[in-house]
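Use these hints to put chain B onto chain A, whose structure you have.
Chains as they are written, first to last, in my numbering: chain A, 66 to 173; chain B, 4 to 117.
Rather than coming from a laboratory, the hints here were simulated on the basis of the structure.
This one's a predicted model, so the numbers in the text were calculated from it and none came from an experiment.
C-beta: ideal position from N, C-alpha, C; glycine also.
Treat each hint with caution, since some may be false.
[As the list claims (entries may be wrong)] In silico DSS-like pairs for lysine-lysine, Cα to Cα no more than 30 Å straight-line: (1) B:Lys71 <-> A:Lys107; (2) B:Lys81 <-> A:Lys107; (3) A:Lys132 <-> B:Lys27.
[Said to hold, decoys possible] Partial pick of chain A residues on the chain B-facing surface, computed with a CB cut under 7 Å: (4) Tyr104; (5) Ser105; (6) Ser108; (7) Leu111; (8) Ala133; (9) Tyr136; (10) Gly158; (11) Phe163; (12) Thr165.
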Amino acid sequence: QKEVEQNSGPLSVPEGAIASLNCTYSDRGSQSFFWYRQYSGKSPELIMFIYSNGDKEDGRFTAQLNKASQYVSLLIRDSQPSDSATYLCAVTGNQFYFGTGTSLTVIP
Amino acid sequence: DAGVIQSPRHEVTEMGQEVTLRCKPISGHNSLFWYRQTMMRGLELLIYFNNNVPIDDSGMPEDRFSAKMPNASFSTLKIQPSEPRDSAVYFCASSLLQRNTEAFFGQGTRLTVV
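So that you can see chain A by itself, here it is in the shape it has in the complex (with noise of 0.2 Å):
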């Protein structure tokens, strides 16, 4: 079983829309959740990050974690083109565990 899992998509979603994007993970000591943007032919880059459970907001960003379900979601409100990533769902235990990544298109 792997470690972090994603939904690989591709997940489509019109400009204005709400993207949501969702990840589960094996190991209840997991501690930090974090969310990755991958542009392509780029390196991921951090966006969010989440401790407890809970939302936590961050502009059009929102980050929830429901560890008593091993659940982690990124919700991107008013998704704009530049959007258009890949996401990467990552949890740390003693080393990070990346899911393969969600694909995200905002169509114009």
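Chain B alone, transformed into the frame defined by chain A:
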């Protein structure tokens, strides 16, 4: 800080040749990770070091791959002999893992083995 620095950015080599990828982590970070990324398999952890010591190398595909971290500011990933299926983007990342901070990625090395 200049961030994580990888070299070379691009490498094209012939099958059977030795390839060495280099990484300079962010100063003060104590954890270093080597990842390989392909379209088919996504981002795969090859090996990670903590305080220059290899902790988990279970992701290293086979004996042709080796990694070293002789000091806190430098690491290498070597492939000998290289094969076409090794073609991928190789990322190095560093972090202060114990403090649950994020991993910072280098720009990657795009390796093509022909």
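The hints, checked one at a time:
1. B:Lys71 <-> A:Lys107: Given that 30 Å is the threshold and the Cα spacing comes to 25 Å, the pair holds.
2. B:Lys81 <-> A:Lys107: Given pair Lys81 (chain B), Lys107 (chain A) holds - Cα atoms ~22 Å apart, limit 30 Å.
3. A:Lys132 <-> B:Lys27: violated, 35 Å
4. Tyr104: Hint violated; Tyr104 (chain A) Cβ to chain B Cβ min 12 Å, cut 7 Å.
5. Ser105: violated, 11 Å
6. Ser108: Since chain B brings a Cβ to about 4 Å from Ser108 (chain A), closer than 7 Å, the hint holds.
7. Leu111: holds, 5 Å
8. Ala133: violated, 20 Å
9. Tyr136: Interface hint status for Tyr136 (chain A): violated (19 Å vs cutoff 7 Å).
10. Gly158: violated, 10 Å
11. Phe163: holds, 5 Å
12. Thr165: Holds, about 3 Å.
Violation of the numbered hints given earlier is confined to hints 3, 4, 5, 8, 9 and 10; the remaining hints are satisfied by the structure.
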